[in-house]
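Protein chains in written order, with numbering that gives the first Met the number 0: chain A, 0 to 328; chain B, 0 to 328; chain C, 0 to 328; chain D, 0 to 328.
There may be inaccurate statements among the hints.
Unchecked claim - To spell it out: a stretch of chain D is covered by chain B in this simulated footprint if at least three of its residues, at any positions, have a beta carbon under 8 Å from a beta carbon of chain B; those stretches are: (1) 63–70; (2) 87–98; (3) 103–109; (4) 259–268.
As the list claims (entries may be wrong) - From chain B, some residues computed to sit far from chain A (all C-beta separations above 10 Å): (5) T98; (6) G159; (7) Y254.
As the list claims (entries may be wrong) - Pulled a few chain C residues facing chain D out of the computed Cβ check, cut under 10 Å: (8) L88; (9) Y134; (10) H264; (11) A267; (12) A274; (13) P300; (14) P303.
Think of the hints as simulated: they come from the structure by calculation, not from any bench.
Heads up, the beta-carbon is just placed ideally off N, CA and C, and yes, glycines get one too.
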Amino acid sequence: MGLNMSSSISEISKEVLLDMYYKMILIRRFEEKVVELYRAGEIPGIAHGYIGEEAVAVGVCSALRKDDYILSTHRGHGHSLAKGIHPRYLMAELFGRKTGVCKGIGGSMHSTEPEVGVIFSSAIVGGNIPIAVGVALAMKMQRRDNVVVSFFGDGATNTGAFHEALNLASIWKLPVIFVCENNFYAISTHVSRSVAAKEIADRAVAYNIPGKVVDGNDVIEVYKTTLEAVERARRGEGPTLIEARTYRWLDHGMYYLGPYRPKEEVEAWKQRCPIKRLKDLLLSKGIVAEDVLVNIERRVEEEIEDAVKFARESEEPDLDFVKQFVYVR
Amino acid sequence: MGLNMSSSISEISKEVLLDMYYKMILIRRFEEKVVELYRAGEIPGIAHGYIGEEAVAVGVCSALRKDDYILSTHRGHGHSLAKGIHPRYLMAELFGRKTGVCKGIGGSMHSTEPEVGVIFSSAIVGGNIPIAVGVALAMKMQRRDNVVVSFFGDGATNTGAFHEALNLASIWKLPVIFVCENNFYAISTHVSRSVAAKEIADRAVAYNIPGKVVDGNDVIEVYKTTLEAVERARRGEGPTLIEARTYRWLDHGMYYLGPYRPKEEVEAWKQRCPIKRLKDLLLSKGIVAEDVLVNIERRVEEEIEDAVKFARESEEPDLDFVKQFVYVR
Amino acid sequence: MAAREITYVQALNEALREEMRRDERVFLMGEDIGIIGGVFKVTQGLYEEFGPERVRDTPISETAIVGAAIGAAIAGMRPVAEIMYMDFLMCAGDQLINHLPKIRFMTGGKLKVPAVIRTQYGLYRYAAAQHSQFYPAFLMNIPGFYIEVPSTPYDAKGLLKSAIRDENPDIFIECAALYRIKGPVPEEEYLIPLGQADIKREGNDVTVFALSYMVHVALSAAKKLEAEGISVEVVDPRTLNPFDKRTLIESVKKTGRLVIIEPDHKTAGVGAEVAAIVAEEAYEYLNAPVIRLAAEDIPPPFSPKAYNAFLPNEEKLINAIKKVMKYKR
Amino acid sequence: MAAREITYVQALNEALREEMRRDERVFLMGEDIGIIGGVFKVTQGLYEEFGPERVRDTPISETAIVGAAIGAAIAGMRPVAEIMYMDFLMCAGDQLINHLPKIRFMTGGKLKVPAVIRTQYGLYRYAAAQHSQFYPAFLMNIPGFYIEVPSTPYDAKGLLKSAIRDENPDIFIECAALYRIKGPVPEEEYLIPLGQADIKREGNDVTVFALSYMVHVALSAAKKLEAEGISVEVVDPRTLNPFDKRTLIESVKKTGRLVIIEPDHKTAGVGAEVAAIVAEEAYEYLNAPVIRLAAEDIPPPFSPKAYNAFLPNEEKLINAIKKVMKYKR
Ligand SMILES: Cc1ncc(C[n+]2csc(CCOP(=O)(O)OP(=O)(O)O)c2C)c(N)n1
Ligand SMILES: Cc1ncc(C[n+]2csc(CCOP(=O)(O)OP(=O)(O)O)c2C)c(N)n1
Ligand SMILES: [Mg+2]
Ligand SMILES: [Mg+2]
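Isolated chain A (complex conformation) (with noise of 0.2 Å):
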């Protein structure tokens, strides 16, 4: 697992890797507005944040093509975002508003806009992995070229579902792209007390299929990593799992849950934030000038108050309206 930078960036278009530091400021900001709007009350239910974990959706989805689709879970603000769904529509359903990327009536932990791939997000830990494989299955059957990913946590990998997927997904060679997040802890569980494998890489000796560890801090690994798998699906050789190592700066949701994670620990991650990481490279390498960066950012700043004005301004739905979706009719 490389600590620095290792892979060369040479081969990534300018414009890939703007739009990766676009990507990931953009969640950073989103989510810290999310926080911000949780505690004043204005966002209800539960939400998790994805700060600390952007290079991973944001090197994963800029390997894939629009018409991929990604399959996200409870911590799915970023692999929204990075797959590109408006954070207008994301906060909107965050709010619980008609005009939400599910009407308001799925919230955080559901967000789905076929449209741009996001083809669906599951708050079950596990439960995205079975349907991925169908949504592959499907794509195969359909002589279609698109690959999936299912994006999916550390403990997802403990679940019968995860085990059941990856190995139906092998037998059938279908054109899935696993993504672990390895962030280390399951709300309060860290790996080494829930996670039998020396790595969770290793399970995939389990489906006869690659399985590789990146550092999931650094978006170029993520995403030459991911190319490489998306290329072994799109030939039709199969699926891979990636376990990309990262790490969450925020509690497992809005609310504090007690202690579990030594300060140090949490301290040293932040030392290793992967947004500064790739500005720093753009910048040592003279890819870039600090103002393009710096209007990058305003420009979030701007996306992202716009997207709570929309949201708070959008209407709730009532029970009537919501009675619509539950059948087709």
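Take the given structure of chain A and dock chains B, C and D with the ligands to it, following the hints.
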């Protein structure tokens, strides 16, 4: 995987060897009788024969103490007899009689006799595995040195239950041995079409525990490998996964499901009869004279006849009788 | 319409075949449904006609089966997944309950999940507590999918075709005890609308609400009672969701008496809902207490004697009808 | 008895602590119950007092959690397992439904399974469709375990202690919306027998059968209606299995009117069984149609506005009571 009885048998006492022979013959004759009685309509319900796989149950159970526990499956007659359930009570259970191990309430797939260590049998594929882990947890918490064996088939290694249970057992270092009877088929589905791993034993990597392949038709090899796993478990070092390769001679259950196995494959495996192999070994090594084995065979015939008679003459439970056993009141 | 008599299993087979011919998005998956045509032979010949791509044998991974069906459905396919026994639906509990019926709703109608989950429950198979369950009331309690419970070959074919074409998820529950019964099924194509109960026999004195297999018991009882001058109306709901309240209530308004016969457990079974509807909405028309005849509130016992007594039967039904007939209008 | 007021969560915590002190076979397992004392803090401080051996954090493996609880219970322990949300019971569906309630029966009473599965459902938490479910009727439909649904701190403590001591499996369903309410709980030890409904308020005009949280809504409505001269009796079942039919029927015989208020879905919910019992066994005493107030038959929506309207409430209850009051005896 040794194709001949490679392992030396000199350390194994004659008593143990003869008991193995007895148990294997007992299972074989019992199952032959079950097929006959099933066809004759005397045994109701569904049942699954163990013929051809006798070396696994007997090899494993011979390595256990009486107060060690096993958990069995839908294909469980062999396990029950190998662990010491008297054929009378098993046969009576298959007949659905009050004198059966489960008073006629459980039938073929739920044989249970904790006194001899058959603590539970589940008809759900993979179903006993998490329960075995719980029994092992109790052993550990009670500071007992007993070990627990979970039997299951190749098909069961694709269930979520398998995955969750092996992970938990490893994390908690529990005294449990997972014995996969790989008979290459789950009903009609060949392992190559259902298990993605190169070898089932490889799945142990996902749980960081030893994974061993043994020739499941070699009772001595099964026995020795189990002994090692038992010792490891008693030392508190945790679980082992054993993949015992074997074959069932009969169809999946008692009725014919159509052709899905090449005739030559079935024939080839019949040539590798585990009982004949033990017999040849015992005779060729001069461990016993043939008449000793013939006597054992005769004794078994009598026991089976006695068991059938016992079952036939036993009373059937009625509704009021069975109603007592739903709750402890 | 041309009349011919075919079995329930043939009717199901025809429905699958016709729908697969009509719409190439329709495909099947499940354990042992391919090479051997299913353990109950419902899919016989389909592997030969449509090949392994559209008739997919799966590993023993119920969660992955239902999950993959969901994924394929949201991505444009029309999966028909088989779960071999209704008992095993619980091995897919999370996908079945937390995903299948909720995805359309949670995504604000962005997705539809046109998957069919076929399963069967047996009666009089003496397969014990883990292979004999029938719990349709639970599925009724969960909004979001349709539930079919056909009692005749005609209904089986027409409902299965409608379920496959319907845009909503369906749980299609067959009864193995009906697989071999014959009934008239037209040569011509037909569909049965979902949500229409069928009055299997008209009568004036008492309404018998009969579920699945029990329709036949009710018809037989009705015939016998006719001789005694009691006119029995037999209502077969055919689908439990949508539930055709109107037909039920109209019948009770006409007869003033209601007896329910169902092969699921009595407490909190389907009959509870039926009785409750009547207590709420036809209270004034009721001239006698409602009687529910159902399976006993104990797990299914193995022993045939106890098992047969565990189920409701014609004799109990006749007695119940006579009992409510004692109440005068 | 010494009276003091403690919260529901404190009452549960005391129950666990007292039982763990009393009986060293009692131990806890579940996700995040140890180091942080549970995400709802029910197990707070127990890890500190009893250590990691008896307060076990588990991986996210619901099947293994319930399965291991079963195994430990049949081997002599008294496990109390926590499933974080009732929704996730379905991730353990097979162990929960096919094993836990059937093992004693299937083994002809040879085993007992004194395990408690604690779980909670939330109300007004706006956690969307996969984190807001309550489906006790399904559990009622499955014979073999007891089900507790405490509505007050007093009941929570007394029932949990009884459930732990009871020799049968128990599903103990807490309501997160009640965790912070306070109520009188004696300092002295007490137990509440399982199977005894509690008349939370006596009255003569109408019986309100109120489930779990809805007891409080009913009490508040009853108080208001008293001013209008309507005397409401509030029946709290406290356990759904054993179900105290007698208290229900006696109350309806006295009042002649029944309104049910429950936070589960209406169709095939607990209220269906309650109404059915009355339609069968107290038909002659009923002077008005039964009214069931329940959650709508749609999955729980996220948006607070829609969600609040999705549940029954005091206003709806008052209207329903007034409606049945219009029917004269
Ligand atoms: C099946 C299931 N069990 C438990 C939960 C409660 N839960 C929500 S998130 C979470 C931890 C998930 O950990 P991980 O998979 O590592 O993802 P992370 O939150 O770290 O991103 C748990 C236990 C759930 N949502 N689903
Ligand atoms: C969860 C579950 N799914 C399906 C079945 C039906 N079934 C019974 S035995 C069997 C095959 C089991 O194969 P394997 O585990 O290899 O054991 P074997 O029968 O070969 O000994 C199946 C699919 C079941 N009992 N449980
Ligand atoms: Mg994590
Ligand atoms: Mg097998």
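Right, here's what the structure says about each hint:
1. 63–70: holds (count 7)
2. 87–98: holds (count 4)
3. 103–109: The restraint on the region 103–109 of chain D holds, since 7 of its residues have a Cβ under 8 Å from chain B and three suffice.
4. 259–268: violated (count 0)
5. T98: It holds; T98(B) is separated from chain A by about 38 Å at its closest Cβ, greater than 10 Å.
6. G159: 2 Å, violated
7. Y254: Given a closest Cβ separation of 28 Å, the condition holds.
8. L88: 8 Å, holds
9. Y134: 6 Å, holds
10. H264: 5 Å, holds
11. A267: 4 Å, holds
12. A274: 4 Å, holds
13. P300: With Cβ-Cβ at 8 Å, under 10 Å, it holds.
14. P303: P303(C) check fails; min Cβ-Cβ to chain D is 16 Å, beyond 10 Å.
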